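Enquirer: Sequence:
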Amino acid sequence: MVPACRSRAKYNYSEETRNGQSPCQYCGKIYRPQSIKQHEASCKSHQLAAKAREQCNKEYEKDIQQGELNALVLNFLVLTYMPSNSTTMGHINV
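Each step along the sequence shown adds one to the number in the working numbering, with nothing skipped, and position 17 is 22.
Note that these hints are calculated values from the structure, not bench results. Heads up, a few of these hints could be off.
Restraint ranges, calculated between C-beta atoms of paired labels, are given here [unchecked claim]:
| hint | residue 1 | residue 2 | range |
| --- | --- | --- | --- |
| 1 | Ile69 | Lys42 | 40 to 46 Å |
| 2 | Gln26 | Ile69 | 42 to 48 Å |
| 3 | Gln26 | Ala76 | 54 to 60 Å |
| 4 | Pro88 | Ala57 | 48 to 54 Å |
| 5 | Val83 | Ser50 | 48 to 54 Å |
Below, simulated SDA-like cross-link-like pairs (lysine to any residue); rule was C-alpha separation at most 20 Å, straight line [to be verified]:
| hint | residue 1 | residue 2 |
| --- | --- | --- |
| 6 | Lys42 | Cys29 |
| 7 | Lys67 | Leu77 |
| 8 | Lys34 | Lys49 |
| 9 | Lys49 | Gly33 |
| 10 | Lys34 | Cys48 |
| 11 | Lys34 | Lys56 |
| 12 | Lys34 | Ala46 |
| 13 | Lys34 | Ser50 |
| 14 | Lys34 | Glu45 |
| 15 | Lys42 | Ala54 |
| 16 | Lys42 | Leu53 |
| 17 | Lys49 | Ser27 |
| 18 | Lys56 | Glu45 |
| 19 | Lys49 | Arg37 |
| 20 | Lys63 | His51 |
| 21 | Lys49 | Tyr36 |
| 22 | Lys42 | Gly25 |
| 23 | Lys49 | Ile35 |
| 24 | Lys49 | Tyr31 |
Note that the structure is a prediction, hence the values are computed from the model and not measured. Ideal placement from N, C-alpha and C gives every residue a C-beta, glycine not left out.
Whenever a hint applies, use it, and build me the whole structure from the sequences.
Expert: If you want it as structure tokens, here you go:
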């Protein structure tokens, strides 16, 4: 036998709940009061992940630039201090 359905009383939304709007403190988008907390939790985690990604990208670019600078210095030192084709080990080839 199927239990009888109970009728539920309708929830009386307050005026603020029906018409109120709140901006997200992270992205500034407007949400209703009943959904702002859930959105802000999600938005906060997305914002933190984006900042972490941005910091990681900056560090990566810095490492790439430092590696390129090191390669230039090494090439300069090799070209400056390597014996030329006319001399080998300090002896002059005639």
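Enquirer: Which of the numbered hints above does this structure break?
Expert: Of the numbered hints given earlier, the structure breaks none, since each of them holds.
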